[in-house]
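> Residue-level listing of the chains:
Number of protein chains: 6
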Amino acid sequence: MEQHINKAKVLIEAIPYIQSFRGKTVVVKYGGSAMVDSKIKEMMMQDIALFKLIGVNIVLVHGGGPFINKMLDRMSIEPKFIEGLRVTDSDTMEVVEMVLSGKINKEIVNDIQKLGLKATGISGKDGMTLRAEKLMKNGLDLGYVGSIVDVDTGLIDSLLDSGQIPVVAPVGRDSEGNTYNINADYAAVSIAAALKAQKLVFVTDVRGVMEDVENPDSLISLMSVAQAKDKIEEGIISGGMIPKVECCIDAVESGVETVHIIDGRVEHSMLLEIFTQDGIGTMFK
Amino acid sequence: MEQHINKAKVLIEAIPYIQSFRGKTVVVKYGGSAMVDSKIKEMMMQDIALFKLIGVNIVLVHGGGPFINKMLDRMSIEPKFIEGLRVTDSDTMEVVEMVLSGKINKEIVNDIQKLGLKATGISGKDGMTLRAEKLMKNGLDLGYVGSIVDVDTGLIDSLLDSGQIPVVAPVGRDSEGNTYNINADYAAVSIAAALKAQKLVFVTDVRGVMEDVENPDSLISLMSVAQAKDKIEEGIISGGMIPKVECCIDAVESGVETVHIIDGRVEHSMLLEIFTQDGIGTMFK
Amino acid sequence: MEQHINKAKVLIEAIPYIQSFRGKTVVVKYGGSAMVDSKIKEMMMQDIALFKLIGVNIVLVHGGGPFINKMLDRMSIEPKFIEGLRVTDSDTMEVVEMVLSGKINKEIVNDIQKLGLKATGISGKDGMTLRAEKLMKNGLDLGYVGSIVDVDTGLIDSLLDSGQIPVVAPVGRDSEGNTYNINADYAAVSIAAALKAQKLVFVTDVRGVMEDVENPDSLISLMSVAQAKDKIEEGIISGGMIPKVECCIDAVESGVETVHIIDGRVEHSMLLEIFTQDGIGTMFK
Amino acid sequence: MEQHINKAKVLIEAIPYIQSFRGKTVVVKYGGSAMVDSKIKEMMMQDIALFKLIGVNIVLVHGGGPFINKMLDRMSIEPKFIEGLRVTDSDTMEVVEMVLSGKINKEIVNDIQKLGLKATGISGKDGMTLRAEKLMKNGLDLGYVGSIVDVDTGLIDSLLDSGQIPVVAPVGRDSEGNTYNINADYAAVSIAAALKAQKLVFVTDVRGVMEDVENPDSLISLMSVAQAKDKIEEGIISGGMIPKVECCIDAVESGVETVHIIDGRVEHSMLLEIFTQDGIGTMFK
Amino acid sequence: MEQHINKAKVLIEAIPYIQSFRGKTVVVKYGGSAMVDSKIKEMMMQDIALFKLIGVNIVLVHGGGPFINKMLDRMSIEPKFIEGLRVTDSDTMEVVEMVLSGKINKEIVNDIQKLGLKATGISGKDGMTLRAEKLMKNGLDLGYVGSIVDVDTGLIDSLLDSGQIPVVAPVGRDSEGNTYNINADYAAVSIAAALKAQKLVFVTDVRGVMEDVENPDSLISLMSVAQAKDKIEEGIISGGMIPKVECCIDAVESGVETVHIIDGRVEHSMLLEIFTQDGIGTMFK
Amino acid sequence: MEQHINKAKVLIEAIPYIQSFRGKTVVVKYGGSAMVDSKIKEMMMQDIALFKLIGVNIVLVHGGGPFINKMLDRMSIEPKFIEGLRVTDSDTMEVVEMVLSGKINKEIVNDIQKLGLKATGISGKDGMTLRAEKLMKNGLDLGYVGSIVDVDTGLIDSLLDSGQIPVVAPVGRDSEGNTYNINADYAAVSIAAALKAQKLVFVTDVRGVMEDVENPDSLISLMSVAQAKDKIEEGIISGGMIPKVECCIDAVESGVETVHIIDGRVEHSMLLEIFTQDGIGTMFK
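Chains as they are written, first to last, in the UniProt record's numbering: chain A, 1 to 285; chain B, 1 to 285; chain C, 1 to 285; chain D, 1 to 285; chain E, 1 to 285; chain F, 1 to 285.
Just so you know, these hints were derived from the structure itself, not from any lab.
Among these hints, one or two may not hold up.
Copies of one chain are not kept apart here, so a pair can be met inside one copy or by any two copies together.
[Claimed, not checked] Result set (DSS-like, lysine-lysine): computed pairs, CA atoms no more than 30 Å apart in a straight line:
id: 1; residue 1: 134; residue 2: 41
id: 2; residue 1: 134; residue 2: 39
id: 3; residue 1: 134; residue 2: 118
id: 4; residue 1: 70; residue 2: 229
id: 5; residue 1: 196; residue 2: 134
id: 6; residue 1: 118; residue 2: 80
id: 7; residue 1: 137; residue 2: 41
id: 8; residue 1: 114; residue 2: 134
id: 9; residue 1: 9; residue 2: 229
id: 10; residue 1: 285; residue 2: 244
Computed from a prediction, not measured in an experiment: that's the story for all the values here.
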């Protein structure tokens, strides 16, 4: 009985958090270890289910993780390069799309639905959700890699209205019908901005932004956009963390209230970030 | 962190319960110790808030507890009797109504609203919710004691639709506008039946129905209506427990799916009854 | 037949008035003799019923009249004073609330419902309708006397939408859940302003504003806010009439189109004021 | 003042009538003297306006009165006959339609709108409201005289929904697009039945059904369908009254709750019939 | 089969046109030969039916064509003149209204309904759609000739919402209930502007605006408002074409996107103008 | 001009067909040559676009055609057999799903969207649309081949409501989350039945049911279910045609009004079947 009462108290503690998130929109960029480790994956899905059940409008955007390269290997598609940059030719794009929209996307849908909630997997091509154009980098044509020109939220809105959890594969189309692979982080930012989301959560394989990467106690829980820019300037944020943090800055500047980098390797990381005072990762606002 | 993760797991365990109660209607007859002990009262309100937040249409029906007699004493209104039965004359009825609709009802509203949710206190007279008639007992006129003839759920429905928690004082009116005091247990049964509620919960000062009142291990967790009738016949259910159990039988026979007797003295008794496998009281179905 | 035809003509004369009030919102501050004399009270309720039936969104705000003091006496609660000002301590507040929300409020509901229309009695605590704070007068703490900080019209709107006549007791709460007694005139002004009402009617025990209180023919039928301010300045409006007229000025300045002071002692005073060319009281605009 | 109060009392007396008719549908067959005498006409329009304003869904069906023959004369169209029965050839039908749909219909609309309410004049051809077929009498082809096969209430319903008073000219069409003149009494019965109207009122030039036509005191205020049939059988109802009463019987048997024959020559006859205990004409039920 | 496939290809070619007009509002001023020649009339109705079926909100405004004079003749009403200008006295107005609202209007309704679609014929008096005032020309009172003061689109909107094709006779009323004959071209412009129509089409007896009236190859397919004004100035647009083009200019300046003058004598002229690249008449924008 | 007018006439001929299909639901099983030949494919998409634009609720169900085997080959997945029947092991299923949901499904979506209409590609797993179970054939476990237990049309309905064309890959899930390959014809039948579709169209590589397969003039345009059963019995329908016809029978018996087998190799075959008197294939009813 004692134990049951303690559990009840945990639920009661959640009341203020539930109250503040009901009816809000949260976009989750789901990727990294949290997509691979099946135990962690299940917990992530549970967190998502719980948010949905307490009335959060939750939208998932996923990447392709290691699956795409595995499939390209298996189909003996040789990677091509121009001046050192990888090129996505049409053969590669076909495989990328099949893996993203036909495998990973539907697996996530399935994992959510195992918990009894309804999910619908779409790609950015469906309902003309993501309008893209070829991304030129230093004047080089890298093939079917695209950047987002416009987000049409009509389909996502109607899925949310009918109680579904939309799961979005980062694939877009241009007005002539060409298909593009889109960076999942950028897709998440664009979608969150278009939906006027309250929160955007990046599920990653790092703990968040560290003052000193060597010092595990130096996690920065909360950062303003100005601080984030300073820390990039100062070199405290560096390497692969820079584009991630730039996405966070971009999202906040596009009107998303708070953006979070969390460690997908931690059990129930989503819940802990959002339902505890300090969270477990870094929050940008 | 460990502790936080454990708390997250408790929330996750709640998912199937939340799923099965979203959109359902639960009527709670609130009375006894749970109305008096301020710590227990707060927990009861927390349970109610949680149910509301996860999408349960919750309706409270309350009694008058010890407050009515205290007020009658204070105002020196002498109790009257006919052949041993107490009579509610118009002076008494005036006080009863003031205490029920003006004091207890508004206190409960206030207690819920302290948690940030909106509640509206009504009496059965408002919106012609409870149509009553004079209750005759053995041919004796006991004054303004009424039984329910009809429930108009229009007002309660519109309060639920606009996100309020309706709190109902057990006072009714007849078609000529006379005011009647109504037994709160009966009022709760009638309202639950009229709302086609999934659950009706009686918050009481006993643990539930016991096979042997002397033996604390003999609690009966689940009973059918047939079993309940048998146990009354056999004398296992006796004394003050009989009318309570008869209310439970009545509610189930009127279409309420499950009816619960729980011990309001236990912390978070509502939550424990509904969110655990066996519950903590007696469930009738 | 002749007589019937004349009656028909009276109904027909009402057409332009009905046309101009359908769909409009009228707030009535109901108090004074019109609450005590049972014949006058019945006529007032008839007027209100008629307005409701022809499509006016009518909202009643009532005071406590002589009932509160009678009850305080009967319960031997001694009035307390600070520097000559009466203090509402918690014992007093408890009685005030019981009388307002549990007695007068429900009586008015009952009186309206006798005419076959549905009414719902709420206090300003219900649905967090009236958010109040402690009113400090000359730096003195007068106890649980409050002023209105904010009106949440959600509950009143949903009652109007579902065809109910809302009857409001002037009791509010602060964000910590303390209960306050609120001047009914002020409550009516705040509610009318928040509802963007077309009309606010004060039912009083005077005929209206008189040019000369001694001269019964000197009633002023129509006044602008500027004129009202001048007449206070000039001393023509004086004594107990000043706060009443200040309420009218306040309401007009808050956006209420017209504000009326009428004499509740006159039969069908509401109807006469609103359905005749000149009215019977004083109209401010 | 006295006089004003008396007027107020008349309005108050109307409360129960207003309550019982709000939201109900009343079809009025408007014809006879009430269409010609301009003072009587104005009063009829006032009655209709009042019913609309208190929430009655009112629908007018009108006939052509003396205007049609006047116009046929003026245009020198010779009446044709087959075996003594008048034939409506296409030339005649053209004039009939112009007068009904283009003159009388729009005049009634105008008369109602003078009172500030919106009306829309349609013929039974509009929105395919009245589907007709050629009426054969004793095997004779009388030209464009039709009987109603089906009523499509879609257009009338949408006019009522948008607050208009529909005014219907008794002209129908068959499925090939031929236009037919339809007896206005029959059209009113069909429309009332299709709308599931509560009341159908025939405005006529007689007082109602008399026990003895010579005796002005012998008006029958209320008749059952069975009684009506008996009185036709017995010859008490005779001559031109028979088809009128048969329409009443037909309407009641088609589900209209009450059908009334009233004397359009009496001022405010509609109001008197519906808003007084006994009415002024004959009611069938 | 070959032939069927070719027909299918024609339908497919229509796709982009259908896409661009779905949900748009098109007002058609229908008059001239297209109202008289029965074969041409049928094709015009087919065009209108097709537009309705593919989701265009189509509204017809018609004139009186030769029918009015014919009827005035037949009824021996002598035309009256003041200083050479024709006067519409009340006798004339009565006939004008009967012909417009009772004959032509209902014939068009009938013609559309023969194709299986629902139409409703109204005059500008119905639902107070066209509020007019007496039109004074050079200080002369020409009787019941009116200009439009205000358009209330409520009735037309509700007819469109319920799937009807509104057919409007150009008759208006002033606030005292006087009836006025209104120039149908002006009525169409006012209605198109009030409805914020995308297109206004004038069905006429000319091919459009010609650079040189003698040269059949000189049709101007597209004109800006500025160009139109220049061409009037330069005398290229002259005679009876001037008021027509001024209507087009007026409509474009009132917010109608494109205005068309088409030749109603050409088969399916509406369809050809709107569903071909260059159209067949003159488009103003 | 002549040519344009002829085209207009073709559109006009379509009016009765458009009228009879607006608001109806048509399910198309899309497969065979019509999926491979790019010119034919484009025409099929045009037909679908046209149906959508004229107000048909169109739903596509597609198969995998030759693409699946090509991909299995390319990935060197060896086909497995049990007693001569092919087994779908989990490796195969993974590829099947990727090709169906990630390649073909999204290509169809893209092809439709090139015409400017919005489409959304889902698999039967999304929104729990197709609940399946393992299909046992003669007691043999063929792996992840499933039959449909239940169709939840919620997602398809909400896509239709928001103007999307749903494109469904025939993949289902059981309640434990296992994924199954489902015969596309069966999926189409189940979906059409669940949607209460008016029409189900099978796009195939045959002309329809032939009385004599050798005689190209012996196509049967219309068959009752009884006739179809007879012709199977008699051996006139034989071989691969039997399961196809059984699907048609099944659909009609499940409430689909008409079921069509059409030849996808014919240009605009959908349009020809539905918009011509006799159609081009075989219709079952």
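> Now look at each hint and say whether the structure bears it out.
Right, here's what the structure says about each hint:
1. When the C-alpha separation of residue 134 and residue 41 is checked against a cutoff of 30 Å, the pair qualifies only between copies, where the shortest distance is 26 Å, while the shortest distance within a copy is 33 Å.
2. Taking identical chains as interchangeable, the C-alpha atoms of residue 134 and residue 39 lie at most 30 Å apart only when they sit on different chains, with a minimum of 26 Å there against 38 Å within one chain.
3. In this assembly of identical chains, residue 134 and residue 118 lie within 30 Å of each other by CA distance solely across copies; the values are 22 Å between and 34 Å within a copy.
4. When the C-alpha separation of residue 70 and residue 229 is checked against a cutoff of 30 Å, the pair qualifies neither within a copy, at 36 Å, nor between copies, at 50 Å.
5. Within a single copy, residue 196 and residue 134 get their C-alpha atoms as close as 26 Å, which meets the 30 Å cut-off; across copies the closest is 39 Å, which misses it.
6. Taking identical chains as interchangeable, the C-alpha atoms of residue 118 and residue 80 are never at most 30 Å apart, the minima being 39 Å within one chain and 34 Å between chains.
7. With identical chains, the CA atoms of residue 137 and residue 41 are never at most 30 Å apart, being 34 Å at best within one copy and 35 Å at best between copies.
8. In this assembly of identical chains, residue 114 and residue 134 lie within 30 Å of each other by CA distance solely across copies; the values are 17 Å between and 37 Å within a copy.
9. When the C-alpha separation of residue 9 and residue 229 is checked against a cutoff of 30 Å, the pair qualifies neither within a copy, at 41 Å, nor between copies, at 36 Å.
10. Proximity of residue 285 and residue 244 under a CA criterion of 30 Å is satisfied intra-copy only: 15 Å inside one chain copy versus 49 Å between copies.
Violated hints, in rising order: 4, 6, 7 and 9; the structure is consistent with all others.
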